[in-house]
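Trainee: If you want the building blocks of each chain, they are given just below.
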Amino acid sequence: DAMVIQNPRYQVTQFGKPVTLSCSQTLNHNVMYWYQQKSSQAPKLLFHYYDKDFNNEADTPDNFQSRRPNTSFCFLDIRSPGLGDAAMYLCATSRTPGGETEAFFGQGTRLTVV
Amino acid sequence: AQRVTQPEKLLSVFKGAPVELKCNYSYSGSPELFWYVQYSRQRLQLLLRHISRESIKGFTADLNKGETSFHLKKPFAQEEDSAMYYCARGPGQAGTALIFGKGTTLSVSS
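Residue numbers (the numbering used here), protein chains in the order written: chain A, 1 to 114; chain B, 1 to 110.
No lab work stands behind these hints: they were computed from the structure. One or more of the hints may lead you astray.
What the hints assert, rightly or not - Listed below are the simulated DSBU-like cross-link pairs for lysine-lysine, each with C-alpha atoms no more than 30 angstroms apart in a straight line:
| # | chain 1 | residue 1 | chain 2 | residue 2 |
| --- | --- | --- | --- | --- |
| 1 | A | K38 | B | K22 |
| 2 | B | K73 | A | K38 |
| 3 | A | K17 | A | K44 |
| 4 | A | K52 | A | K17 |
| 5 | B | K65 | B | K102 |
| 6 | B | K57 | B | K73 |
| 7 | A | K52 | B | K57 |
| 8 | A | K38 | B | K102 |
| 9 | B | K102 | B | K9 |
| 10 | B | K73 | A | K44 |
| 11 | A | K44 | B | K22 |
| 12 | B | K22 | B | K102 |
| 13 | B | K65 | B | K22 |
| 14 | A | K17 | A | K38 |
| 15 | B | K57 | B | K102 |
| 16 | B | K73 | B | K22 |
| 17 | B | K73 | B | K9 |
| 18 | B | K15 | B | K57 |
| 19 | B | K22 | B | K9 |
| 20 | B | K65 | A | K44 |
| 21 | B | K57 | B | K22 |
| 22 | B | K102 | B | K15 |
| 23 | B | K102 | A | K44 |
| 24 | B | K9 | B | K57 |
| 25 | A | K38 | A | K52 |
| 26 | A | K38 | B | K57 |
| 27 | B | K57 | A | K44 |
| 28 | B | K15 | B | K73 |
| 29 | B | K73 | B | K102 |
| 30 | A | K38 | B | K9 |
| 31 | B | K9 | B | K65 |
In this text, all values refer to a predicted model and were calculated from it rather than measured experimentally.
Sequences are here, hints too, so could you generate the full structure?
Mentor: Right, here's the structure in full:
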């Protein structure tokens, strides 16, 4: 049973056209994360929510925004995608922050920018 | 900067051979260390964590603070172990999320 679901699995968007990626969870976890993973690189944290508190990483571009309307859903909005934003985007959840509890990942959304 | 280093991009072994996937970390304070695995077409998932001191699917990992290492080992590799393995550490006081290494692809052939 999928516990962290990302939609869509593959997304193609035009250069500069806003795009939204979605993530839902059935675990009722407090924390939801968005990671960006480019080819042959480590997953890089963009931001996370601890309940309703939004935490942005210092080096996350302003082009990336996020919304968490309720516990179950979290969205990644890319306002003006550039070619450099093509990547796999991973959503993850955990019961608590700080890494002491297991993080559960979705299958990812592969974003292509044309 | 806090880092997790996995020096090998690819490790190829034959079935039945021992496996060691290397991981070194930089840290401040007491590290929390994990190995995550991603099998083909599946999601990233936790394999094991150092605080549990457990063996999962025959894999073990020992924290060596002197060498700042957390290598993943298995005495006899199986073909189903072929996957991408990521070493990760908790952020400690620096943040709230896992810091990942770049990953090592393990390929086990018969």
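Trainee: Decide, hint by hint, whether the structure agrees.
Mentor: Verification of the supplied hints:
1. A/K38 to B/K22: holds (22 angstroms)
2. B/K73 to A/K38: Given pair B/K73, A/K38 holds - Cα atoms ~27 angstroms apart, limit 30 angstroms.
3. A/K17 to A/K44: holds (23 angstroms)
4. A/K52 to A/K17: Satisfied, since the Cα-Cα distance of roughly 27 angstroms is no more than 30 angstroms.
5. B/K65 to B/K102: Distance ~21 angstroms between B/K65 and B/K102 Cα, so the pair holds.
6. B/K57 to B/K73: Status holds; Cα separation ~11 angstroms.
7. A/K52 to B/K57: violated (37 angstroms)
8. A/K38 to B/K102: holds (10 angstroms)
9. B/K102 to B/K9: Measuring from Cα to Cα gives roughly 8 angstroms; hence the hint holds.
10. B/K73 to A/K44: holds (26 angstroms)
11. A/K44 to B/K22: holds (20 angstroms)
12. B/K22 to B/K102: holds (12 angstroms)
13. B/K65 to B/K22: Given that 30 angstroms is the threshold and the Cα spacing comes to 14 angstroms, the pair holds.
14. A/K17 to A/K38: Roughly 20 angstroms between the alpha carbons, so the hint for A/K17 and A/K38 holds.
15. B/K57 to B/K102: Measuring from Cα to Cα gives roughly 22 angstroms; hence the hint holds.
16. B/K73 to B/K22: Answer holds: B/K73 to B/K22 is near 9 angstroms, not above 30 angstroms.
17. B/K73 to B/K9: holds (16 angstroms)
18. B/K15 to B/K57: holds (15 angstroms)
19. B/K22 to B/K9: Holds: B/K22 and B/K9 sit about 10 angstroms apart, inside 30 angstroms.
20. B/K65 to A/K44: holds (25 angstroms)
21. B/K57 to B/K22: Holds, because 18 angstroms separates the two Cα atoms, which is no more than 30 angstroms.
22. B/K102 to B/K15: holds (24 angstroms)
23. B/K102 to A/K44: holds (10 angstroms)
24. B/K9 to B/K57: holds (22 angstroms)
25. A/K38 to A/K52: Holds, at roughly 28 angstroms.
26. A/K38 to B/K57: Cα-Cα ~28 angstroms, so holds.
27. B/K57 to A/K44: holds (27 angstroms)
28. B/K15 to B/K73: holds (14 angstroms)
29. B/K73 to B/K102: Within the cut-off at roughly 18 angstroms; holds.
30. A/K38 to B/K9: Cα-Cα ~15 angstroms, so holds.
31. B/K9 to B/K65: holds (23 angstroms)
Violation of the numbered hints given earlier is confined to hint 7; every other hint is satisfied by the structure.
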